[in-house]
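Chemist: Protein chains in written order, with our numbering: chain A, 1 to 653; chain B, 1 to 306.
Hints were generated in silico from the structure; no laboratory data involved.
Just so it is clear, CB atoms sit at the ideal spot from N, CA and C, and this is done for glycine as well.
Please note: incorrect hints may appear among the correct ones.
[What the hints assert, rightly or not] Mimicking DSBU-like on lysine-lysine, the simulated pairs with C-alpha atoms at most 30 Å apart in a straight line are:
| no. | chain 1 | residue 1 | chain 2 | residue 2 |
| --- | --- | --- | --- | --- |
| 1 | A | Lys34 | A | Lys552 |
| 2 | A | Lys587 | B | Lys115 |
| 3 | B | Lys301 | A | Lys584 |
| 4 | A | Lys34 | B | Lys210 |
| 5 | A | Lys552 | A | Lys7 |
| 6 | B | Lys210 | A | Lys552 |
| 7 | B | Lys233 | B | Lys115 |
| 8 | A | Lys7 | B | Lys301 |
| 9 | B | Lys233 | A | Lys552 |
| 10 | B | Lys299 | A | Lys7 |
| 11 | B | Lys115 | A | Lys7 |
| 12 | A | Lys587 | B | Lys114 |
| 13 | B | Lys299 | A | Lys584 |
| 14 | B | Lys210 | B | Lys108 |
[Claimed, not checked] For each label pair, taking beta carbons as the anchor points, the in silico distance ranges come out as:
| no. | chain 1 | residue 1 | chain 2 | residue 2 | range |
| --- | --- | --- | --- | --- | --- |
| 15 | A | Ala4 | B | Arg148 | 36 to 46 Å |
| 16 | A | Arg51 | B | Ala292 | 39 to 49 Å |
| 17 | A | Ala4 | B | Asp212 | 29 to 39 Å |
| 18 | B | Gln255 | A | Glu187 | 54 to 64 Å |
| 19 | B | Glu111 | A | Asp83 | 23 to 33 Å |
| 20 | A | Asp83 | B | Asp259 | 56 to 66 Å |
| 21 | A | Glu578 | B | Glu256 | 54 to 64 Å |
[As the list claims (entries may be wrong)] Partial chain B-side listing against chain A, Cβ under 7 Å, derived:
| no. | residue |
| --- | --- |
| 22 | Ser183 |
| 23 | Tyr187 |
| 24 | Gly207 |
| 25 | Tyr209 |
| 26 | Arg291 |
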Amino acid sequence: MTAAPTKTQQEQWIVENQVFQIFDLFANLPRNAKSALVELQRDNHLEYLTRGLKRLDPSFCVLDANRPWLCYWILHSIALLGDYVEHEVENNVVDFLSRCQDPNGGYGGGPGQLPHLATTYAAVNALITVGGERSLSSINREKVYMFLKRMKQPSGAFRMHDAGEIDVRACYTAISVASVLNILDDELIQNVGDYILRCGSRKLVQMGVAIEECLLKRVIHWIEDSLRLVEKVFADLYNIPDKYLVPKEGNTNISSAEKPSHGKKIRSSPENSKSTNAESKEDAKNAEAETGANVGCNRRVPIEKGHSLLTVRRVLILVLHLVYAHILDMSCGTTAPHRFEESEGSQLDDTGLFPATHSPGGCVRIRGALFPSLGQGKSVQGRSGAGGVWDELEVFSIPNELVLTLMSCQTYEGGISGEPGAEAHGGYTFCGFATMILINEVNRLDLAGLLDWVAFRQGREGGFQGRTNKLVDSCYSFWQGGAFALLQRLHAILDEQLVNFGPQTGVASDISGGEESSDGTQVDDKTCHFKLGGTNASCPVNLNSIGYNFVKQPGEMEALYHRWSLQQYILLCAQDMEGGLKDKPGKRRDFYHTCYSLSGLSLSQHSWSQDEDAPPLPNAVMGPYANLLERTHPLFNVVLDQYYDAHEFFDTP
Amino acid sequence: MVRTRLSQSTISLTLSKPWTTSEPSMSPTSDPLAPSISPPKPFPSTPAITLYGISGVWYSRHLILTCKLNWILSTTLLRIIQKIIRYDICRHHRRWVAEKLGTDAADKELEFTKKILSADAKHYHAWSHRQWVLLALGGWEDELDYCRELLEEDIFNNSAWNQRYFVITRSPLLGGLEAMRESEVSYTVEAILAHPENESPWRYLRGLYKGDTQSWVNDHQVSLLCLRVLNTKSNFVFALSTLLDLLCHGLQPSQEAKDVVAALEMSGTVEPDSDLAKSVCFILEHVDPIRANYWRWRKSKLPHAT
Numbered sequence: 001m002t003a004a005p006t007k008t009q010q011e012q013w014i015v016e017n018q019v020f021q022i023f024d025l026f027a028n029l030p031r032n033a034k035s036a037l038v039e040l041q042r043d044n045h046l047e048y049l050t051r052g053l054k055r056l057d058p059s060f061c062v063l064d065a066n067r068p069w070l071c072y073w074i075l076h077s078i079a080l081l082g083d084y085v086e087h088e089v090e091n092n093v094v095d096f097l098s099r100c101q102d103p104n105g106g107y108g109g110g111p112g113q114l115p116h117l118a119t120t121y122a123a124v125n126a127l128i129t130v131g132g133e134r135s136l137s138s139i140n141r142e143k144v145y146m147f148l149k150r151m152k153q154p155s156g157a158f159r160m161h162d163a164g165e166i167d168v169r170a171c172y173t174a175i176s177v178a179s180v181l182n183i184l185d186d187e188l189i190q191n192v193g194d195y196i197l198r199c200g201s202r203k204l205v206q207m208g209v210a211i212e213e214c215l216l217k218r219v220i221h222w223i224e225d226s227l228r229l230v231e232k233v234f235a236d237l238y239n240i241p242d243k244y245l246v247p248k249e250g251n252t253n254i255s256s257a258e259k260p261s262h263g264k265k266i267r268s269s270p271e272n273s274k275s276t277n278a279e280s281k282e283d284a285k286n287a288e289a290e291t292g293a294n295v296g297c298n299r300r301v302p303i304e305k306g307h308s309l310l311t312v313r314r315v316l317i318l319v320l321h322l323v324y325a326h327i328l329d330m331s332c333g334t335t336a337p338h339r340f341e342e343s344e345g346s347q348l349d350d351t352g353l354f355p356a357t358h359s360p361g362g363c364v365r366i367r368g369a370l371f372p373s374l375g376q377g378k379s380v381q382g383r384s385g386a387g388g389v390w391d392e393l394e395v396f397s398i399p400n401e402l403v404l405t406l407m408s409c410q411t412y413e414g415g416i417s418g419e420p421g422a423e424a425h426g427g428y429t430f431c432g433f434a435t436m437i438l439i440n441e442v443n444r445l446d447l448a449g450l451l452d453w454v455a456f457r458q459g460r461e462g463g464f465q466g467r468t469n470k471l472v473d474s475c476y477s478f479w480q481g482g483a484f485a486l487l488q489r490l491h492a493i494l495d496e497q498l499v500n501f502g503p504q505t506g507v508a509s510d511i512s513g514g515e516e517s518s519d520g521t522q523v524d525d526k527t528c529h530f531k532l533g534g535t536n537a538s539c540p541v542n543l544n545s546i547g548y549n550f551v552k553q554p555g556e557m558e559a560l561y562h563r564w565s566l567q568q569y570i571l572l573c574a575q576d577m578e579g580g581l582k583d584k585p586g587k588r589r590d591f592y593h594t595c596y597s598l599s600g601l602s603l604s605q606h607s608w609s610q611d612e613d614a615p616p617l618p619n620a621v622m623g624p625y626a627n628l629l630e631r632t633h634p635l636f637n638v639v640l641d642q643y644y645d646a647h648e649f650f651d652t653p
Numbered sequence: 001m002v003r004t005r006l007s008q009s010t011i012s013l014t015l016s017k018p019w020t021t022s023e024p025s026m027s028p029t030s031d032p033l034a035p036s037i038s039p040p041k042p043f044p045s046t047p048a049i050t051l052y053g054i055s056g057v058w059y060s061r062h063l064i065l066t067c068k069l070n071w072i073l074s075t076t077l078l079r080i081i082q083k084i085i086r087y088d089i090c091r092h093h094r095r096w097v098a099e100k101l102g103t104d105a106a107d108k109e110l111e112f113t114k115k116i117l118s119a120d121a122k123h124y125h126a127w128s129h130r131q132w133v134l135l136a137l138g139g140w141e142d143e144l145d146y147c148r149e150l151l152e153e154d155i156f157n158n159s160a161w162n163q164r165y166f167v168i169t170r171s172p173l174l175g176g177l178e179a180m181r182e183s184e185v186s187y188t189v190e191a192i193l194a195h196p197e198n199e200s201p202w203r204y205l206r207g208l209y210k211g212d213t214q215s216w217v218n219d220h221q222v223s224l225l226c227l228r229v230l231n232t233k234s235n236f237v238f239a240l241s242t243l244l245d246l247l248c249h250g251l252q253p254s255q256e257a258k259d260v261v262a263a264l265e266m267s268g269t270v271e272p273d274s275d276l277a278k279s280v281c282f283i284l285e286h287v288d289p290i291r292a293n294y295w296r297w298r299k300s301k302l303p304h305a306t
């Protein structure tokens, strides 16, 4: 077929041309020149980085939400290069990040900004990279823990910030921070794995509700406020009970329309009930109390205003009903056309609006999409509690039983996506993968599938692409390359899955690696084998040691990508002549790419060290041996020495 | 007339109240989809700015929907007022308005994401948002067509393939993965034959049998497809890789398969092996050298032929 090249093909060819031009040039150089070209330009990079750090002086722009990230990217890059930052600058960074720390926990993008999981991750990692007592003790761990708890969703996932997005990256940043600070516990890890793998049960309920909790609450708030406002205006200005109002159109439509269609009161906060005598009197009393006005007489109200107020009120209540109906359609899985027929008569709950029980059976229909449902689910009946409308909303956020889907963040391709249903993506793959390891549930992932996907993300250029048929980008040297570094230490689980053609459910991961011994041999004091239903002595895995043990154990298989090609791409194509690293030829350098290219380079150089104390052999390092970077922790991406110091420091609970 | 006055007073009464400062304006005259709200940036770039009280910098899709919903609610109020004065507030109208709310919102959001995707057909968050809209608000009718359109434009667009998978597995208008499998396999095979070097349809094909590996192994179409591509002797990495996976899952290779693979083995460079899977691994090591480590590892993990 000689069709015109597609956009994907065109873009790919352009990049390949540029890259291969560089490679050809390199190949044809004499040896000396080759050596120079493939050298890591340490001095240039360090200058670029230190200048960048100094530019973060507090006197500069306060609206930038990126500064904790910049601190981390720059400091981590400097640490990878094996260099240090002046004390004064270090202190400035620590001071600055302390000011970013929210009194209620977590770090925001800048002083006074809302705490955010991503910036918390960056700040914590930056402070660990700085290291030392002052830096590490500046982290208020108790408050961070409380912040993480606040961001924790009933579904198991984490929200990036108040009313922020929920995705795999949020899970990673939260779990990583908790793990590295030694504050990870069962509550935080609960259902995280479920979110990543059998994702979005509750999220789907929320989605099925058409708007997330916060949003919905705001809408309901708005309606309720409007209703209250209407009442207030009515009470304040007119002080007249309903029955004295004569509708302008002279028919009984309005009064019959006043009744709820099922003849029952709407159950929610008291203000939302229909205008009744009692209510008006109460409002009148309130009005009197507030304004001190004399509310005695029954005046005839100007019809238009009264009518409009009442109609407005009815409209608002109707809209409120609609929102509820909408929610309920979603969660109870009745399709809109049929719901109201079904809900006649006795099946309503005490509000008169909602079906009393969940529709039984195997399937729940959410906005038409079919999902298998787990049994009868939680009904919306019999909610008590003073919270009024909020009670109803809580129902939709808690129960797993309402809807359970098999929609996973590990896609059909094998990689992991940011949200269930989305495309497999390198960044999210790393985040999801690292998270599953840290919560000790990595055996639930299809590791062989993941490996197959990530193996094909390395292109002819040598670098990695983020998604299938996308362009190479040096930052994926870490995100995708990191997945290999993680897989290296999971060969036992990988082997088991190969034999069984897939992930096991219900068997906890064995993070300590090595041979699977059936006698519960403890490889390390801090962890031990834990098998469900096994005969050996089981003990709970210390969650906070997973990160530590992971690096301590040697990788017993080689990294399954082409390390040399990756290093070649980074050194020849990603380095900027004036310092810093960049996405690909033709792009501009930035600190983000500097950080992750160097991180990927480091992982690649250290990927085949069986003994962690012994430095890599020269054939693991492309170019002069001076290109060797410091080792980074493949789960947290913090320089290993700094990580060990922090681990020791935070070891005291 | 009364109605116009009603509507005016409605707006002023109910929409003028200042909520928290992070609320968007309630006025129906302001366009909630103003261009100042740009879509969120793709991962893993800069995080959203999260200043308290400054709504304009929330790069959240939900803000878009907030604006949208509030706008819809406020405009719907006008329509409802007109309806109510005439009719009972009966369930049919509740249903009608509920559906309308959903449908309107869905249409607008799908249009919105389509615009973004016309500029960047692989925009990660636009796709995410689009999926969310479909699940939450509906609008599935044209989605499979839209995928086909995008794939006609660019058969290499993995996001479109991913969306196609999403549609065939999630759409209430279709029968689910198994019901769609046959037609999808045909579609995918055609796409593969047009461009065997295109990874997307190969992974999609595998995905069509998700949860039912045996059907995948037993489906002759799959193995025949591999052989067909292998026979062309070009762009056959994915064909080989798929064949390897099939063999690992128990495919009994035909003589034809063995012959085709043998024809690929370049004499001298590859050691002929009675174990077809091993041969395939050898060939892959040579024709796909960037993944040489991976293929070697696969070879080491082959179930040993008894």
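Chemist: Take the hints in turn and mark each one as holding or not.
Modeler: Right, here's what the structure says about each hint:
1. A:Lys34 - A:Lys552: violated (36 Å)
2. A:Lys587 - B:Lys115: Distance of about 26 Å is within 30 Å: holds.
3. B:Lys301 - A:Lys584: violated (35 Å)
4. A:Lys34 - B:Lys210: violated (48 Å)
5. A:Lys552 - A:Lys7: violated (46 Å)
6. B:Lys210 - A:Lys552: Violated, at roughly 36 Å.
7. B:Lys233 - B:Lys115: Distance ~41 Å between Lys233 of chain B and Lys115 of chain B Cα, so the pair is violated.
8. A:Lys7 - B:Lys301: violated (38 Å)
9. B:Lys233 - A:Lys552: violated (46 Å)
10. B:Lys299 - A:Lys7: violated (36 Å)
11. B:Lys115 - A:Lys7: holds (17 Å)
12. A:Lys587 - B:Lys114: holds (27 Å)
13. B:Lys299 - A:Lys584: Cα-Cα ~33 Å, so violated.
14. B:Lys210 - B:Lys108: violated (33 Å)
15. A:Ala4 - B:Arg148: 36 to 46 Å: violated (18 Å)
16. A:Arg51 - B:Ala292: 39 to 49 Å: Given a distance of about 41 Å, which is inside 39 to 49 Å, the answer is holds.
17. A:Ala4 - B:Asp212: 29 to 39 Å: For Asp212 of chain B against Ala4 of chain A, whose Cβ atoms are near 37 Å apart, the range 29 to 39 Å holds.
18. B:Gln255 - A:Glu187: 54 to 64 Å: The hint (54 to 64 Å, Cβ to Cβ) holds, given that Gln255 of chain B and Glu187 of chain A are roughly 60 Å apart.
19. B:Glu111 - A:Asp83: 23 to 33 Å: violated (52 Å)
20. A:Asp83 - B:Asp259: 56 to 66 Å: Given a distance of about 60 Å, which is inside 56 to 66 Å, the answer is holds.
21. A:Glu578 - B:Glu256: 54 to 64 Å: 58 Å Cβ-Cβ, so the 54 to 64 Å window holds.
22. Ser183: Given a least distance of 17 Å, the restraint on Ser183 of chain B is violated.
23. Tyr187: violated (15 Å)
24. Gly207: The hint holds - Gly207 of chain B has a Cβ within 7 Å of chain A, the shortest such distance being about 3 Å.
25. Tyr209: violated (9 Å)
26. Arg291: Check passed: Cβ of Arg291 of chain B comes within 5 Å of chain A, closer than 7 Å.
Checked against the numbered hints above, the structure breaks hints 1, 3, 4, 5, 6, 7, 8, 9, 10, 13, 14, 15, 19, 22, 23 and 25 and satisfies the rest.
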